[in-house]
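Enquirer: One-letter residues, chain by chain:
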Amino acid sequence: MKIPNNNRLVKGGLRHLSVLALSVGLASNAIADDHEEKTEQQDPYVEVNPNPFPSTYQPADSGTVLITNVTLLDGIGGRLDNASVLIENGDIKQVGSNISAVEATVIDGTGKWLTPGIIDNHSHLGVYPTPDVDSHADGNEMTTPVTAEVWSEHSVWPQDPGFSAALAGGVTTLQILPGSANLVGGRAVTLKNVPDRTVQDMKFPDAPYGMKMACGENPKRVYGGKGGPMTRMGNVAGYRKEWIAATEYKQKWDKYKKEYAEGKNPAAPTRDLKLETLMGVLEGEILVHMHCYRADEMAVMMDVMKEFDYQITSFHHAVEGYKIADKLAENNVCASMWADWWGFKMEAYDGILENIPLVANAGGCAIVHSDSDLGIQRLNQEAAKALANGKKAGIEFTKAQAWEWLSANPARSLGVFDQTGSVEPGKDADLVLWSGDPFSTYTQAEQVFIDGVKVYEKGNDALWPVTDFELDQPGEGEL
Amino acid sequence: MTGQGKVENATILIEDEVIKSVKSGGSVPSGYKTIDAAGKWVTPGIIGAYTSLGLVDVEYSAGIADYSAKLEDSGYLGTQIETKYAVNPDSSLINIARIEGITSAASVMADTDTFFQGQGAFISLGDKVNPIVKGNAVMLLDMTGGKIDGSSGSRAVAWPKLLSVLQEAASLKGKTLRKKDDWDGDLTKTEVNALVPVMKGDMPLLITVNRTMDIRHIIHIKQKFEDLKIVLVHATEAWRVADELAAHDIAVILRPESNLPYDFDELGATLSNAARLDAAGVKVAIGMDTHNARLVMQHAGNAVANGLPWEKGLASITSVAAEVLGVADSHGSLEKGKSADVVVWSGDPLEVMSYAETVVIDGEQIPMTSRQSKLRDRYLQMQSDKAYRYIKP
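Keeping their order, the protein sequence lines are chains A and B. Using the numbering used here, read the first sequence as starting at 90 and increasing by one per residue. Using the numbering used here, read the second sequence as starting at 1458 and increasing by one per residue.
Hints are supplied without guarantee of correctness; some may be wrong.
List time: in silico DSS-like cross-link candidates among lysine-lysine, alpha-carbon distance up to 30 Å [stated by the list, open to error]:
#1 Lys1497/B with Lys480/A
#2 Lys416/A with Lys395/A
#3 Lys434/A with Lys1497/B
#4 Lys434/A with Lys1527/B
#5 Lys434/A with Lys182/A
Simulated from the structure, these hints should not be mistaken for laboratory data.
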């Protein structure tokens, strides 16, 4: 085994020992090739593994399932009465009025409604689980204002009873975000809401990462007394400083890649977990989800976004989204909102009941989110309130359109709309069969399917997921 | 909907702030202004059973929030706190709540570190100069595990302390102490005097509690001090002792959606708490929000979705709420002599897509405007070429 005599490599040799062994062949080939131009002898190419915690989610065999005679909301604005949906191998195979499938298990949906599973792009289940005790407070790395290096998946406790409760509310996919104490809170992870043992077993295959950022009161409240930022202007200086660092870091890697491709033997930049995440945003690989309430702050953040050439995928909470609905639409930034939360802090004082329909009405991407372990259990009611309040103010949407706020739009915001979020052939069979019109208080999810597998059925004890934590406790088996 | 149940095609006559009559059919005598609610649902005004309306505008980092009092280790028992002096009818929350059908509310402390959380007022959300209907309506006590800091944070301290306080209060035998009276109790005269109406059952004692065993302690207290009118608040595990609660006439104010084990006192949390309590004969009231007091219809609706009969759902936010707060003589139902608080709805009031169309409080039809409706209307009109600050809805 020949080790190139290169000082730099020897220095880095210990660290890269494992890749070295693999690369020897490559180096020898380079030497063997009889190039006229003698290229510099190259050290092994350094590449950061983008997926060190890969999804191990394996859906069970769904079999072939035919759900018949339902009122179907397809999640992209369409409604079909007396519809049938055929599920095969975990996917939606066919949607229509008269589907026959000889081998299928038939579920008669007469009188019931079928929708895509609800997707909540703002949850802290697992990172702020119940019981809500200090030992479980794993959602905010409140040690310094920018912690892009932390990943929410490393805090997720799969035993959180809230996951089961959300499933009973028809939530099939959810994004687990770090909290909003920090300017940059860290990476977010997208999960299928399946009851499993590890976070990897729940991870949505091939979903891009999200990154949490936060505007306004929270960072300045948390850091005002410990070195700053203590003002909104301090917040903005904080984001810009980090984007400058991330841009430089990206330039280093770009330079490294370019020079290596040219046959040179550059030194790879030192890995930096924080800057890797920020660089992922600049490269468009990681989607920015930004907690921001006030209209004026969102406008400033959209300028920061342009200054550093990245995209904010969605503002979260966006309680004043209605004041700049046009600008949100122009900049292609979604707003993930509550139907009616307001007033718990100054930046939430101008919340109105028509926020969601007003954002949607301007052509923007409106999303209903929960940020709550109770709210997540009935997001359909949140959409219903938004729909009714819009209508009362003269903004008309259909129920079918409103379901887009619960499935297609949040799926888009998570970068998984090619896999889920609507009832269309080829999509994952993530579906909810409701006891009736899901825009009624009295309607409940009766059956929930993830990748075609029935994971919840109301009243069926065999399909009620009880976490380890709940065993032999007074609430065992209670919804 | 009235004290008599459902009345079809009803006519409600209102005169001088109170209801004069409710009749099926019924003609309207001359001299009355008429509100036509043909084909609509009409209910009593909705009551906020446990709110801090009037005591707060913005919760965090925003100045005055009179619902919070931190007295640290002053030894202050807390019975002498009175919210009636802190209620501000100009709070933006009042209009925001009332245009959705909330017409009156208990206004109580939300966050104190004292053993008792003081006396809450019962307020009207109407336009009368004085919003206070009953200034010293209820007494608050928090006996949940995490909140008994006023007694060093352990039940082993808190329950004996409560028993001793109640014994001292009972020793007064219904008579308040005067300045010249001799008194060698541990409590101050002001503190113990504040408990006299509680011991007589004239002032409901609202006890926040969740754990089953704590609720059993309360049942024992009720056996010992029989005149107490006890109402459990939150009461996550109350369904586990529903029969005993019914037998001792202990009512409950709860959040029907609270089904997660937030701490080790709430392991029995379930969506069916309200339904099971009701089935055992316990009176259930619903409504524990302040900024979103207006969501109480949805909360009651969810209790119905999880097994509470619809009539009980409506009662939980009207007649039962009034009863547990001790104001049923004046509020909570559409009956002769009651305060004329009436709501006309677009549909079933417990349905999430229904809304209040007309609201009458103390006999006056209120304007359906709030700070939020004005914000909405300003931005609905944004298409115009006028700068937004000149748009004044």
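Enquirer: Compare the structure with each hint and give your call.
Expert: Right, here's what the structure says about each hint:
1. The suggested pairing of Lys1497/B with Lys480/A holds, with an alpha-carbon distance near 18 Å, which does not exceed 30 Å.
2. As the CA atoms of Lys416/A and Lys395/A are separated by approximately 13 Å, the hinted pair is consistent with the 30 Å bound.
3. For the suggested pair Lys434/A and Lys1497/B, the alpha carbons sit about 37 Å apart, so the restraint of at most 30 Å is broken.
4. Restraint check: the Cα-Cα separation between Lys434/A and Lys1527/B comes to about 20 Å, which is no more than 30 Å; the hinted pair holds.
5. This hinted pair does not check out: Lys434/A and Lys182/A have alpha carbons roughly 47 Å apart, beyond 30 Å.
Checked against the numbered hints given earlier, the structure breaks hints 3 and 5 and satisfies all the rest.
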